[in-house]
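Those protein sequence lines, which keep their order, are chains A and X. Under this note's numbering, the first residue of the first sequence carries the number 91, and numbering increases by one thereafter. Under this note's numbering, the first residue of the second sequence carries the number 91, and numbering increases by one thereafter.
Note that these hints are calculated values from the structure, not bench results. All of these numbers come straight from a predicted model, not from anything done at the bench. Incorrect hints may have been included.
Pairs involving identical chains hold if they fit within one copy or between any two copies, as the list cannot separate such chains.
[Unchecked claim] Distance condition first, Cα-Cα at most 25 angstroms in a straight line; then the derived SDA-like pairs of lysine to any residue:
(1) Lys94 - Leu249
(2) Lys94 - Thr286
(3) Lys196 - Val280
(4) Lys227 - Glu245
(5) Lys204 - Ala281
(6) Lys196 - Asp285
(7) Lys94 - Asp260
(8) Lys196 - Val283
(9) Lys118 - Asp267
(10) Lys227 - Asp207
(11) Lys196 - Thr154
(12) Lys237 - Asp140
(13) Lys94 - Pro216
(14) Lys94 - Leu264
(15) Lys227 - Leu278
(16) Lys196 - Leu284
(17) Lys237 - Val116
(18) Lys237 - Thr182
(19) Lys196 - Leu278
2 protein chains.
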Amino acid sequence: MSEKGMLIVLSGPSGVGKGTVRQAMVAKYGQQFKYSISMTTRQPRPGEVDGVDYYFRTRNEFETEIANGGMLEYAQYVGNYYGTPLRYVNQTLEQGQDVLLEIEVKGAMQVRSKVSDGVFIFLTPPDLHILQERIVKRGTDDMATIKRRMQTAREEINLMTNYDYAVVNDQVELAVDRIEQIIASEHLRVARVLDTYQSMLGED
Amino acid sequence: MSEKGMLIVLSGPSGVGKGTVRQAMVAKYGQQFKYSISMTTRQPRPGEVDGVDYYFRTRNEFETEIANGGMLEYAQYVGNYYGTPLRYVNQTLEQGQDVLLEIEVKGAMQVRSKVSDGVFIFLTPPDLHILQERIVKRGTDDMATIKRRMQTAREEINLMTNYDYAVVNDQVELAVDRIEQIIASEHLRVARVLDTYQSMLGED
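Excised from the complex, chain A in its bound form:
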């Protein structure tokens, strides 16, 4: 098949476990798509590796990329930049490979406006109380930050209407399998395969 790859956007509120789900997806189904590594100005958390989890950059470096038109999307979130370098995404899609983005909600909305045939998946917490617990347990933020994140999460869940799918992150394994079903199913959408069928008809 010479079809263009599919852009899969995994997003959701802060603390919902996007990074964990993405890591599990890469571990289990990593041969089926390419993960686009995000760029950020935030500090690495313990165990995070530059060029694997994120491209860790200074604010100055990040703003230079923005100025050069090199970002598919970017946003500031809790005082730091997060974004997706454009070049890798475009090259990979052109090669016919699916690309996975794991990005913040504001960035996802920018991608939605640019890539109308992307698949937009919103990862949801089982409920907001559990979200609060998770953020507290992570223990790397002060209370003011946590309160700000909770308010942001409420606003973000209201943004769910801008997504195609909502996947509950009740268990990472289950969330990953649901996302895999969505990806497989999206590849069967008429809008994605019509060209192939029309050329089949032409052969007759």
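Fit chain X to the given chain A structure using the hints.
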């Protein structure tokens, strides 16, 4: 969940194997949906049972149902009526259960116009030559009928644009699994689950 059930419409060209795929779905996943038995005026094929495979009715009986507004959809196809009784479908959806229809293409388009949130799946032959082989092998129709069916099939494949998904019936087991993925994935669509999430937000 008190959500309304989802209407799943399986259709495709004559001879593509809709009936076989539907039977395999019922056998493997029958507890997950209710199959809506179609009504037809055609003669039963060997092994087909009234009230199981179809409701077999006379033309007169069928036309009385139409006149009474009792059909969700109906069409004449190769000289016979095929259609879906309305009452069972509505009752089952209201109970929160998914309903599977396996119907002809003309009927599916009528359902599309009435049930905008249905899931419309087009079963496709691996290619039109294999479709021709299958029709010939079935051996119950004369050549004029086969030619008419082939022409109809070409027209129907052009109708694929009116469907949500295209599933190749290369192997029945694979087709069934693809359809199951589609159903699971459609249940995660934001448009279907938004009410649940909004009530969750309200609780906080």
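Status of each hint after checking the structure:
{"no.": "1", "hint": "Lys94 - Leu249", "in the structure": "between (28 angstroms within a copy, 23 angstroms between copies)"}
{"no.": "2", "hint": "Lys94 - Thr286", "in the structure": "within (12 angstroms within a copy, 35 angstroms between copies)"}
{"no.": "3", "hint": "Lys196 - Val280", "in the structure": "between (29 angstroms within a copy, 18 angstroms between copies)"}
{"no.": "4", "hint": "Lys227 - Glu245", "in the structure": "within (22 angstroms within a copy, 60 angstroms between copies)"}
{"no.": "5", "hint": "Lys204 - Ala281", "in the structure": "both (17 angstroms within a copy, 21 angstroms between copies)"}
{"no.": "6", "hint": "Lys196 - Asp285", "in the structure": "between (33 angstroms within a copy, 23 angstroms between copies)"}
{"no.": "7", "hint": "Lys94 - Asp260", "in the structure": "between (32 angstroms within a copy, 23 angstroms between copies)"}
{"no.": "8", "hint": "Lys196 - Val283", "in the structure": "between (30 angstroms within a copy, 22 angstroms between copies)"}
{"no.": "9", "hint": "Lys118 - Asp267", "in the structure": "both (10 angstroms within a copy, 20 angstroms between copies)"}
{"no.": "10", "hint": "Lys227 - Asp207", "in the structure": "neither (37 angstroms within a copy, 40 angstroms between copies)"}
{"no.": "11", "hint": "Lys196 - Thr154", "in the structure": "within (20 angstroms within a copy, 57 angstroms between copies)"}
{"no.": "12", "hint": "Lys237 - Asp140", "in the structure": "neither (29 angstroms within a copy, 63 angstroms between copies)"}
{"no.": "13", "hint": "Lys94 - Pro216", "in the structure": "between (34 angstroms within a copy, 21 angstroms between copies)"}
{"no.": "14", "hint": "Lys94 - Leu264", "in the structure": "between (28 angstroms within a copy, 24 angstroms between copies)"}
{"no.": "15", "hint": "Lys227 - Leu278", "in the structure": "neither (40 angstroms within a copy, 28 angstroms between copies)"}
{"no.": "16", "hint": "Lys196 - Leu284", "in the structure": "between (32 angstroms within a copy, 20 angstroms between copies)"}
{"no.": "17", "hint": "Lys237 - Val116", "in the structure": "neither (31 angstroms within a copy, 50 angstroms between copies)"}
{"no.": "18", "hint": "Lys237 - Thr182", "in the structure": "neither (38 angstroms within a copy, 44 angstroms between copies)"}
{"no.": "19", "hint": "Lys196 - Leu278", "in the structure": "between (28 angstroms within a copy, 22 angstroms between copies)"}
Checked against the numbered hints above, the structure violates hints 10, 12, 15, 17 and 18; every other hint is satisfied.
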